[in-house]
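J.: Residue-level listing of the chains:
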Amino acid sequence: MDFALIIALMPGVLASALRFATPIAIGAYSGVLCERAAVINIAIEGMMLVAAMVGDLVMLYTGNIWLGVIGGMLASGLLAILHGVLCINFKTDQIISGTVINIFAIGITGFAYRRFLATPTLTRPIPSTLQPIHIPFLAQIPILGDVLFQNRPIVYIMLILTFVLQYVLFKTPWGLRTRAVGEHPLAADTLGIDVYKVRHINVFLGGLVAGLGGVWFSLEQVGHFDMLMTNGKGFIGLAAMIFGKWTPVGSFIAALIFGLPEAIQITMNFYFPHVPYQFLSMIPYVLTMIVLAGVVGQAIPPAADGQPYDKQ
Amino acid sequence: MSNHNDFEKTSPWGLFLQQLIVPALAVVTALVLGAIIMWATGNDPLVAYRGLLDGAFLKKRALSETLVATTPYIFLGLAVAFGFKCGLFNIGAEGQFYIGQLAAVWVGYNVHGLPAILHLTLALGAAIVAGAIWSGIPGYLRAKLGSHEVINTIMMNYIAIYLADYLVGLSGPMRDPASSAPQTPAVDASAQLPRLSELPALMASPVTRFTAALLVAVFAFIVVRWWWQQRGNSLRGWRNPWVVGLISAGGLGLITYVFLSSLNRIGGPFTDRADRLHLGFFLAILVAVLVWWILEKTTLGFEVRTVGASPEAAEYAGISIVRNFVLAMAISGGLAGLAGGVEVLGLERNVKSFFSAGYGFDSIAVALLANNNPLGIIPAGFLFGALRNGADLMELRAGVSKQIILVVQALVLMFIAAPVIIRKLYRIRAIREEGVQLTRGWG
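Protein sequence lines, in the order shown, are assigned to chains A and B.
In terms of this note's numbering, the first sequence is residues 154 to 465.
In terms of this note's numbering, the second sequence is residues -16 to 426.
These aren't lab readings, by the way, just hints derived from the structure by calculation.
Each residue gets a CB set at the ideal place from its N, CA and C atoms; glycine is no exception.
A portion of the hints provided could be inaccurate.
Chain B regions said to be covered by chain A (calculated; three or more residues, Cβ under 8 Å) [as the list claims (entries may be wrong)]:
id, segment
1, 124 to 132
2, 136 to 148
3, 341 to 347
4, 380 to 389
5, 395 to 407
Go ahead and model the full structure; you've got the sequences and the hints to work with.
T.: This is the structure in structure tokens:
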């Protein structure tokens, strides 16, 4: 492949890198919200899967994509409430609780898919995906416009969310309370912060955010639900969260790094059909392991992360 | 805890039954909730569960097929439990299971001319080693660099799935060129783990029967001698462990020889030609006992459990955390790989194009249902095998998709992990300290 071709392909690759980074980044934000309040959430994958399924289901029965988005987010939020009750009130092992939700998600989405979605009696609206929005003027900018300003809605929401969450976590009283609960719950409790309440709200918000990442699969990328369609992106999101040192902006950059090989892979498949696609498909997972191994020493989780708190 | 006195008052049997209450109620409650979900989505739960029961136990060969489905659950449950004992969460059993299958089938169809016992051992050994490598990598990363095994084992799952898809898929190097379906060639007869129905034909020659009897005798000798020593019987004369071991070995060997010789005439259950129950099931039970023995009676097991209970204490006592993390993960993966090897060599005899068998997540539930007790994993695996096997007939009879079983399994796991729900629901007192943390955070 010569240099000119690479240059010509660049905007397309970068745009799809941003697209594939979206669910990973959103998954990471969900993780940041939960873990800043000291609740480990490995159920992001399962929450996304359920949101993807419910989103399609709601779209099918209401004919409205945006209602699907909301329905998916609420379903994911419901699972987050369960996770919160198990981890915060019942002090269940948080990773086991997350595993419960992941298994439940595979089962219930498979069940609902076969029951309602595989051979639907209703028809989906056309188009059944969220359509790209061209931002006037900005979309005309060469390269930058192609990459940033001709995207589908959830990509924009993800970009906005990055900065909103960064601001909320580090510049507002709510963020301070959240971080206090995650670093030193006893001190927070002494100061009159309701540790359980702050944790519950954060986990619920984390669930809603994960749901947004979930509906990206069914309602923005594909247009319908497929079994197991989240394909580990929730877990990669967690790795992005760790790589991004539990900050939204850091997670976003990490998600871009994880999204890039997937974007390159699509292009490579097209130009190098003789390389088995399976090896290209492995790259994000291998990269996740390598990156994780490289940074863990320096990435320090919130001090109380994963520890249940006994109210005094 | 204040409950210590209760422990002393209760008889061993009473304690045993008390420990069974929560798992039993967890299963029942999960089945009831599953029924409610089915009813709410317009299916008849009674028809469904009747189908489940028939499919798992009552229809022809149902029990045998349930035992077939139980086999990988026992191995994989043991794999997950072994990790937990060391404080490690191996979510990657599914990937290790695939890799074990691939290694076993490769040895099975590529190596020729070995006697069956060697070929079979080699193929199963390859499965164990492959699984151990697959989980040893996350184990090493965890021990040396501290990157969490939960994420890494899941990543290894996806890598395994794509690797298997490449190897067996369309133009993959392991694909059988003679077949139109994407699958590997079948393993040689010498690498097949026999089904019970195949035993009479295999054992037709007296030499084979004698070899089998000899193996049983040697095994019996080792086990009985060890057991006799453990009981503290160092008496002289005929009650010496060596003598007792030799007598039991001779007796069991003779019984095996006679039994194998009369196999043709006995017949009985599990031996008709279409029956698929294979020796892997019995191997699984043996391995469960072996894992129990390793964990409870050996230095290795003690070190693994100490690291699992408190790494700080272990380090202070001079036990290497790095060594035990890697070893525990490798043994865990080896068991999962063995599950794959047994599944291929006993049941499928080749590897077909890959789809998610879904054993990996279930086995976490199996391990937790048994409270990570290797012997408890046998009945827990049986329960999950029955659910899995019965699910097909349930789907056929009631038209309810069999994924509902996964929902039931998740609910079982939830009630086991949060026993306080069950206790509040049924008003049962706690018998041991609960809310035990099995896993650790990212730090």
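J.: Would you mind marking each hint as holding or not holding in the structure?
T.: Now the hints, each set against the structure:
Using a Cβ-Cβ cut-off of 8 Å, 5 residues of the segment 124 to 132 of chain B lie near chain A, which meets the minimum of three, so the contact claim holds. A stretch counts as covered by a chain when three or more of its residues have a beta carbon under 8 Å from one of that chain; for the segment 136 to 148 of chain B and chain A the count is 9, and the coverage holds. Residues of the segment 341 to 347 of chain B lying with their CB closer than 8 Å to a CB of chain A number 4, which satisfies the three-residue condition for coverage. A stretch counts as covered by a chain when three or more of its residues have a beta carbon under 8 Å from one of that chain; for the segment 380 to 389 of chain B and chain A the count is 6, and the coverage holds.
Here the segment 395 to 407 of chain B counts 6 residues with a CB under 8 Å from a CB of chain A, which clears the bar of 3, and the coverage holds.
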